[in-house]
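Chains as they are written, first to last, in the numbering used here: chain A, 1 to 264; chain B, 1 to 138.
Check each hint, because a few of them may be wrong.
Subject to a maximum C-alpha distance of 20 Å in a straight line, what follows is the list of computed SDA-like cross-link-like pairs (lysine to any residue) [unchecked claim]:
(1) A:K104 with A:T69
(2) A:K259 with B:L28
(3) A:K259 with B:R66
(4) A:K152 with A:R137
(5) B:K114 with A:F226
(6) A:K211 with B:R106
(7) A:K259 with B:T102
To be clear, the hints were calculated from the coordinates, so they are not data collected in a lab. In this text, all values refer to a predicted model and were calculated from it rather than measured experimentally.
As a plain string of letters, each chain reads:
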Amino acid sequence: MSEQIIGRGVENDETPTEAQSLFAEFVSLPPDSPRRQALRDELVTMHLPLARHLARRFNNRGEPLEDLTQVATVGLINSVDRFDPARGVEFLSYAVPTIVGEIKRHFRDHGWAVRVPRRLKELHLSLNAAVAELSQRNGRAPTATELAAYLKISREEVLEGLEAANAYRSSSLEDPVRGDESLPTLANTLGDEDKELEGVEFRESLQPLLKQIAPRERRIVILRFFGNMTQSQIAEQLGISQMHVSRLLAQTLAQLREKLLVEE
Amino acid sequence: MQEPIASSSPDIDGDVIEVRLPAAATHLPVLRTFTADLAARLDFNLDEVADLRMAVDEACSGLVARAVTATKLICSYRIEDDALWVIAAAQTTDGAVPARDTFGWRVLTALVDKVETESQDSRLVTVKLYKRRTRTVA
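Chain A with its partners taken away, still in its complex shape (with noise of 0.2 Å):
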């Protein structure tokens, strides 16, 4: 769909920025020109920062950093592709709503499990960032009536979006592990993880089954069973939210009875 809007001028008379003189050149020219392709690529590169810088707003609400940088990368070239600079607005004020769009769309098609109305979505989007605020306040995650205070809602709304948050799932255990590859302590801690489970004896063979599991979930199942740590201090060394935390370990909880179940 392209309709064209021609002839609206450009009010303003200062002098044009980078990126809006490459938009003139960019849309002047026919779409198979190798030169188009090379001004859409700066175009796309030189906004690139502001992509990511999207992408950080909506971290640790379940989805990994990498996959809404992704998500916020094809925005901004939607946008880039999109732009008609003949309708006189600034690139970043087509583009800013343009990529949060697509990044919203990425929750709502990928983050949940089953159809959750909307209004609950984002409750629960809220609800995730007041649990991480609370609990940095409060050494410890909060209880349904905090939430209810801190956010300015009911009690009854706070227990209801707690309800949605279990119909969201943010990865399977069938993902390979991303996002925490990079941390620096996660071969040191896997170390003391070994010297936690040693001595401790189970009738079946737990080493085995935990060695088949990716190492993100391993290690929270080590944390919290091992290492006596509560779901928001394993989600804080993780930099992951706490909801995340408790849905991954009760997935990792029912793969693991299903396995042992089987070895019986």
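Take the given structure of chain A and dock chain B to it, following the hints.
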């Protein structure tokens, strides 16, 4: 300053809520959700809510795996001033209580403050989970 456990309904100390459902794994999600919602209503913090949800799941998964077919899993929630007892019972085929030297037991004891088990001659097995609530300053 200590608040009663649920500020909206201060007189629920000592109340017992009982949930009965077919002793089959397919019904456990309902129990998980119920447990989490109840705990959140009682103002357990979210770590404790998640712990209780998983503990109930762990205990009841074990029970239903050993349950006699077409019997009920009975789960009672006893609300105390600053704690919650979850008492799950099922008619099992072997009357065996969860073994102490298993990963499952480790999970249970890490998630709640107290775990007790009981087996009757009738092979009714009961697992009792006790979880304290962290006091919050009002």
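Evaluation of the provided hints:
1. With a CA separation close to 12 Å, the supplied pair K104 of chain A and T69 of chain A stays within the 20 Å bound.
2. For a cut-off of 20 Å, the pair hint linking K259 of chain A to L28 of chain B stands: about 18 Å separates their Cα positions.
3. At roughly 16 Å between alpha-carbon atoms, K259 of chain A and R66 of chain B fall within 20 Å of each other, so this suggested pair holds.
4. Between K152 of chain A and R137 of chain A the CA atoms are separated by roughly 17 Å; this keeps the pair inside 20 Å, and the hint holds.
5. Distance check on the hinted pair: K114 of chain B and F226 of chain A sit about 17 Å apart at the alpha-carbon level, within 20 Å; holds.
6. Distance restraint check for K211 of chain A and R106 of chain B: the Cα-Cα separation of roughly 18 Å lies within the 20 Å cut-off, and the hinted pair is therefore satisfied.
7. Restraint check for K259 of chain A and T102 of chain B: satisfied, since their Cα atoms lie roughly 13 Å apart, inside the 20 Å limit.
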